[in-house]
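Student: Just need the whole structure built from these sequences, with the hints factored in.
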Amino acid sequence: DAGVTQSPTHLIKTRGQQVTLRCSPKSGHDTVSWYQQALGQGPQFIFQYYEEEERQRGNFPDRFSGHQFPNYSSELNVNALLLGDSALYLCASSFRDRGGFGEAFFGQGTRLTVV
Amino acid sequence: DAKTTQPPSMDCAEGRAANLPCNHSTISGNEYVYWYRQIHSQGPQYIIHGLKNNETNEMASLIITEDRKSSTLILPHATLRDTAVYYCIVSSAGSARQLTFGSGTQLTVLP
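Chains E and B, in that order, are what the protein sequence lines are.
Each residue of the first sequence is one higher than the last, beginning at 1 in the working numbering.
Each residue of the second sequence is one higher than the last, beginning at 116 in the working numbering.
Heads up, some of the hints might be wrong.
Unchecked claim - Here are the computed distance ranges between Cβ atoms for each label pair: (1) Ile12(E) to His192(B): 38 to 44 Å; (2) Met125(B) to Glu51(E): 37 to 43 Å; (3) Gln157(B) to Gly84(E): 34 to 40 Å; (4) Gly40(E) to Ser140(B): 22 to 28 Å; (5) Thr5(E) to Lys167(B): 33 to 39 Å.
These are calculated hints, taken from the structure and not from any lab test.
Glycine residues also receive a C-beta, built at the ideal position from the N, C-alpha and C atoms.
Tutor: Here's what the structure looks like:
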């Protein structure tokens, strides 16, 4: 089991550009959540996808958008990059069972640097 | 989700038990207590969770007080590899559950 895989691992972009980050969930998982972690802080929830729809969203602007594909993989897109978007972007997958969601498994993250 | 309070840092001697406290005085009846840890430059790792009963797995034990306003994560025999930031999170098990991370506790295991 490969677990949650994210690509790329590191990325450098220029202010104003657009970026796409990718996530493959753990085998058997159907739900993907994205988090942003600034240096020295805990992860902050961006949004969650289930059945190819955005189900819940944190306090992030519309510049942050996402997509989930039929195979449960997901993309995070950020438009008009700002210097403040520099962070570690984490993907977490889980399985939605009758009781809600099982524990989340995180990938190693994508380190985005905006210059 | 209820807010949690954790000490910013703790030290523990290698081989000894590490006891990490968490206060969640505003927890509601349907909210679980989750613990995750994050080793430097890695993604957070799930450790354990519980509702009101004490829980134990191969990694740790979780002790929740009877009034559920606080809990303690216990690593029975800490090793150097347990050095990490430990996050206590309170969350419901609803249909769209997000994890709200605080600042966590930096546990340093000393040789």
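Student: Now tell me if each hint is right for this structure.
Tutor: So, going through the hints one by one against the coordinates:
At roughly 42 Å, the beta carbons of isoleucine 12(E) and histidine 192(B) sit within the given window of 38 to 44 Å. Judged by the Cβ atoms, the range 37 to 43 Å given for methionine 125(B) and glutamate 51(E) holds: they are separated by roughly 41 Å. A C-beta distance of roughly 23 Å is found between glutamine 157(B) and glycine 84(E), which places it outside the suggested range of 34 to 40 Å. With their beta carbons about 26 Å apart, glycine 40(E) and serine 140(B) fall inside the hinted range of 22 to 28 Å.
Checked against the hint of 33 to 39 Å, the C-beta distance between threonine 5(E) and lysine 167(B) comes to roughly 36 Å, which is consistent with it.
The structure is inconsistent with hint 3 alone, although it conforms to all the rest.
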